[in-house]
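Chemist: Please take these sequences and the hints and turn them into a complete structure.
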Amino acid sequence: MNTERKKIVLSGYYGFDNLGDEAILNYLVNFLKENNMEPIVLSANPEKTTKTYDVKSVNRADFGQVLEVLKKSNGLISGGGSLLQDKTSKKSLMYYLIIMYMAKKVAKKPVYFYGQGVGPIVGKDSKFLTKFILKSTDMMSVRDEESHNFLKNTLKLKKHIDIIHDPVLFYPKNEVDKAPDGFTEEEVRFLDKRPVYVSIRPTEANQNVVNAFFKYLQYLKEKEIPVISFAFHPSQDTKITKDILEKFDNAMFIEKPINLEQGSYILAKSRLVVGMRLHSLILAASQTTPFIGVSYDPKIDSFVKQFGQNVVGDIYNVTGEAIIKESELLLNNEQVSQTIIVDHLEKMKFINDKFNKKLNTIING
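Quick note: the sequence shown uses full-length UniProt numbering, first residue 1, plus one each step.
Do not rely on the hints blindly, as some may be mistaken.
[Claimed, not checked] Simulated DEER-style distance windows between Cβ atoms:
1) Val176 x Asp125: 44 to 52 Å
2) Lys305 x Lys325: 13 to 21 Å
3) Ile351 x Lys56: 43 to 51 Å
Everything labelled a hint here was simulated from the structure, so no lab data went into it. Just so it is clear, CB atoms sit at the ideal spot from N, CA and C, and this is done for glycine as well.
Modeler: So this is what it looks like as structure tokens:
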């Protein structure tokens, strides 16, 4: 009997210090290890990835190295996250398609497309290449109905696609009475006040976003409710968030690097999360913390819809008044909101567990 561990290469937006994508990687690494498989991660920072997750990691931009590990592997998992879209850049879309092509057509290995959000893809050639690559994958799952509909109706992809849920939803719930290492006494005391957490990111409509959050933070100050934040993507989010929060003496911005355990603890201690970053909302849900979404991308709308909610607005039309109204509703019905989240999570976990079992059977036989 062959008991050698299967080697599975992981491709995603890993090694860029984006907490959401690192949370996805954490989940996939644990899933593979728990099922006696060896993860090999394509990362922008292989040394840090190896140290953080105790895995083999290679430079995602070194295609020679990438091909070498693909050839020695038993397959590629691409995902999760929003890898296939050309809104951010066509270059990013092409990178992930090339990795899948290398795995399937050059290394002759199976490709598993895992829990991704797909789109928007607007370029005609981008759509053609995406369909060409995806039709040769061995197993496909997406994280929402909108991605499924895009692949089926827009790209006309004729293959079975499972709809699962973002795996970060199932990050373990924190014990809120004990803070993880790395927090100062001041930060712990502040978190004990159960602040509202806000996640703000730059967009093409910065001024409207700033105005809306500023008005909301003024309201929280009047209500003597503290506010906390850290950046899910520090290189992008730090400046805009600090610029707003530093105007309020009831607000704290944690600028030091925050890991997944610390980030989930902050959201678990918060009474409410108002977020633009998708994984601020997802990680909030994992900790059964009520959340409000402000949309800069259709993936935000898709996620909150899964919990029976709507976003309070997009970056162009969101107002402080809209955030305040939804905030009052959730804070006045906190236990009801938490119960709704728990009910949804149980159903979602059943779906993901079923898919993971199927994936494990296909890989391990």
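Chemist: Taking the hints in turn, state whether each one holds.
Modeler: Taking the hints in turn, this is what the structure says about them:
1. Separation of Val176 from Asp125 is about 50 Å and conforms to the stated range, judged on CB atoms against 44 to 52 Å.
2. Checked against the given bound of 13 to 21 Å, the beta carbons of Lys305 and Lys325, roughly 19 Å apart, stay inside it.
3. Take Ile351 and Lys56: their Cβ atoms lie about 30 Å apart, and the range 43 to 51 Å is violated.
When each numbered hint is compared with the structure, a violation occurs for hint 3 only.
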